[in-house]
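Q: Kindly produce the complete structure, drawing on both the sequences and the hints.
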Amino acid sequence: MVFSRALLKRHSVLPGFDLALGFTLLYLSCIVLVPLSAAFLKTFTMTWPAFWDAVTAPRVVAAYRLTFGASFAAALVNAFFGLVVCWVLVRYEFPGRRVVDALVDLPFALPTAVAGIALTALYSGNGWIGSLLPFKVSFTPVGVWVALTFIGLPFVVRTLQPVLEDLHGEVEEAAAILGATRLQTFGRVILPIVTPALLTGFALAFARALGEYGSVIFIAGNLPMVSEIVPLLIITKLEQFDVPGATAIAVVMLVASFVLLLAINGLQAWTRARQGR
Amino acid sequence: MSAVAIVAAPPRVSEATTEPAWVRRVLIAVALAFLALFLFVPLVAVFAEALKKGVAVYLAAIVEPDALAAIRLTIVAAAISVPLNCVFGVAAAWAIAKFDFRGKNLLLTLIDLPFSVSPVIAGLIFVLVFGLQGWFGEWLRDHDLKIIFALPGIVIATIFITFPFVARELIPLMQAQGIEQEEAARVLGASGWQIFRRVTLPNVRWALLYGVILCNARAMGEFGAVSVVSGHIRGQTNTMPLHIEILYNEYQFAAAFAVASLLAGLALLTLVLKIVVERRVAAQAGGATR
Numbered sequence: 578m579v580f581s582r583a584l585l586k587r588h589s590v591l592p593g594f595d596l597a598l599g600f601t602l603l604y605l606s607c608i609v610l611v612p613l614s615a616a617f618l619k620t621f622t623m624t625w626p627a628f629w630d631a632v633t634a635p636r637v638v639a640a641y642r643l644t645f646g647a648s649f650a651a652a653l654v655n656a657f658f659g660l661v662v663c664w665v666l667v668r669y670e671f672p673g674r675r676v677v678d679a680l681v682d683l684p685f686a687l688p689t690a691v692a693g694i695a696l697t698a699l700y701s702g703n704g705w706i707g708s709l710l711p712f713k714v715s716f717t718p719v720g721v722w723v724a725l726t727f728i729g730l731p732f733v734v735r736t737l738q739p740v741l742e743d744l745h746g747e748v749e750e751a752a753a754i755l756g757a758t759r760l761q762t763f764g765r766v767i768l769p770i771v772t773p774a775l776l777t778g779f780a781l782a783f784a785r786a787l788g789e790y791g792s793v794i795f796i797a798g799n800l801p802m803v804s805e806i807v808p809l810l811i812i813t814k815l816e817q818f819d820v821p822g823a824t825a826i827a828v829v830m831l832v833a834s835f836v837l838l839l840a841i842n843g844l845q846a847w848t849r850a851r852q853g854r
Numbered sequence: 012m013s014a015v016a017i018v019a020a021p022p023r024v025s026e027a028t029t030e031p032a033w034v035r036r037v038l039i040a041v042a043l044a045f046l047a048l049f050l051f052v053p054l055v056a057v058f059a060e061a062l063k064k065g066v067a068v069y070l071a072a073i074v075e076p077d078a079l080a081a082i083r084l085t086i087v088a089a090a091i092s093v094p095l096n097c098v099f100g101v102a103a104a105w106a107i108a109k110f111d112f113r114g115k116n117l118l119l120t121l122i123d124l125p126f127s128v129s130p131v132i133a134g135l136i137f138v139l140v141f142g143l144q145g146w147f148g149e150w151l152r153d154h155d156l157k158i159i160f161a162l163p164g165i166v167i168a169t170i171f172i173t174f175p176f177v178a179r180e181l182i183p184l185m186q187a188q189g190i191e192q193e194e195a196a197r198v199l200g201a202s203g204w205q206i207f208r209r210v211t212l213p214n215v216r217w218a219l220l221y222g223v224i225l226c227n228a229r230a231m232g233e234f235g236a237v238s239v240v241s242g243h244i245r246g247q248t249n250t251m252p253l254h255i256e257i258l259y260n261e262y263q264f265a266a267a268f269a270v271a272s273l274l275a276g277l278a279l280l281t282l283v284l285k286i287v288v289e290r291r292v293a294a295q296a297g298g299a300t301r
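Chains W and P supply the protein sequences, listed in that same order.
Sequential numbering from 578 applies to the first sequence in this note's numbering.
Sequential numbering from 12 applies to the second sequence in this note's numbering.
No wet-lab data here; the hints were simulated from the structure.
Predicted model only: the values in this text are computed from it and were never measured.
Please note: incorrect hints may appear among the correct ones.
Sample of chain P residues facing chain W (criterion: CB under 8 Å; computed from the structure) [stated by the list, open to error]:
hint : residue
1    : 42
2    : 67
3    : 171
Glycine included, C-beta positions come from ideal geometry on N, C-alpha and C.
A: This is the structure we're talking about:
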């Protein structure tokens, strides 16, 4: 009671602060903070060489390379096409625009396992899309990239959308009056304004892809050293009762996620600063 | 627009701040082709594959006992975890949006934390806490309580995964709405509960509904975290996504897609409700705050 009052910066006549904050902190601790700390505490019971061996074994390193590489490639493709999709949705009028706009959120709403089996069926050798392609997608690293692209798709579009909607014609008119071509206006005026949001969307898609499991495991084929992602490796270690090994890899991924989270927070602050100007 | 039209002929104005028609057409085509390849075709494929072998096979796959058990378990897990996260979301939003206190930004970041944790790691941490080798493992075994590989584990992993959804929907809206109305109610003598029920709740009910819908969609579809803690016992600890995985790995593709089509239908329903709710929120806020 006294403690929570001391946190208040300003006195308020509204009731319920102690109860609301107290419950929030208790629930947050029980569900998120204490269990997450278990992962870190577990690795402290390992010796340093054992930890180092667990997180740098060749199979683990191959999984990092695939997970980070495919996530990066997927986020990059999403940044480019996300910008195009968002531009088209905000600026142009075409039949079915509202439906398309709503469907962009599909990867948020569709369970990952459903997306996984659908993509696998489509991109396998005799699938609708796979049979048209000259190279194999399902059961290769390319398949991992396909699944991660699907998962990350809404992030760039949804982060860019409010920024593009706020971009009124004035600056573009000014650029045109000053003699800029449309391409120059885009490169020198529009792109700098949307860059923070574009980077935020990229980072969000990348972060989401790093941890993705459900949509990837069906299409990846999961060959060790070739198409095995880190989350699957964690599960494999757990199933072999190698709990310390699984936890050590999980801690590496958690640290990567937290660093990304900090970067995303910074980018979002930058986006707000840009918009506020 | 009309003021500009007087100064210059309309075609030239639109030339200056938009692209030539062919560029527009190419961009629309590129965007739609990309979305078709990665979104629309996979969605259609779920239903096409589900009905490939006919309606009879489709229905048989859904009313099969293991499928029904999975559906029941999925609904039970969501029915427990969504209300809990809903209460948490309201409490967190009340504290964060209506009061000014130290550490608020830290709290906001911590609430978002589950979004940046891999579902597999979310499952793993509960194994570390409640599993046989975990903190409470021996105590739970001695008292004959089962959390991992049982319903409580599935529920708690689902709660973790869907933790931020309701709070995330409510906080920005309640912050934008300020506290003047609540303060007025307080001055007029309303109790805390009356303020919440008569003033705050009507103002945020559509956003709350949308948060609950999103939370529910994610809870019913969660795969990675539940996969780690469930133990995959057929008919007992298999949720719908896990049931889909088992059917798929047994090459029962039509059955796997039949169950998947139910979840895809839920996803589509979620998107429709999202549009409805967004319109209500915009109408309620007068289009100003959102």
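Q: Against this structure, judge whether each hint is valid.
A: Going down the list of hints, with the structure as the test:
Because the smallest distance between the Cβ of residue 42 of chain P and any Cβ of chain W comes to about 4 Å, under 8 Å, the interface hint for this residue holds. For the restraint placing residue 67 of chain P at the interface with chain W, the shortest Cβ-Cβ distance is roughly 21 Å, beyond the 8 Å limit, so the hint is violated. Satisfaction of the interface hint for residue 171 of chain P is found here, the shortest Cβ-Cβ separation to chain W being roughly 6 Å, below the 8 Å cut-off.
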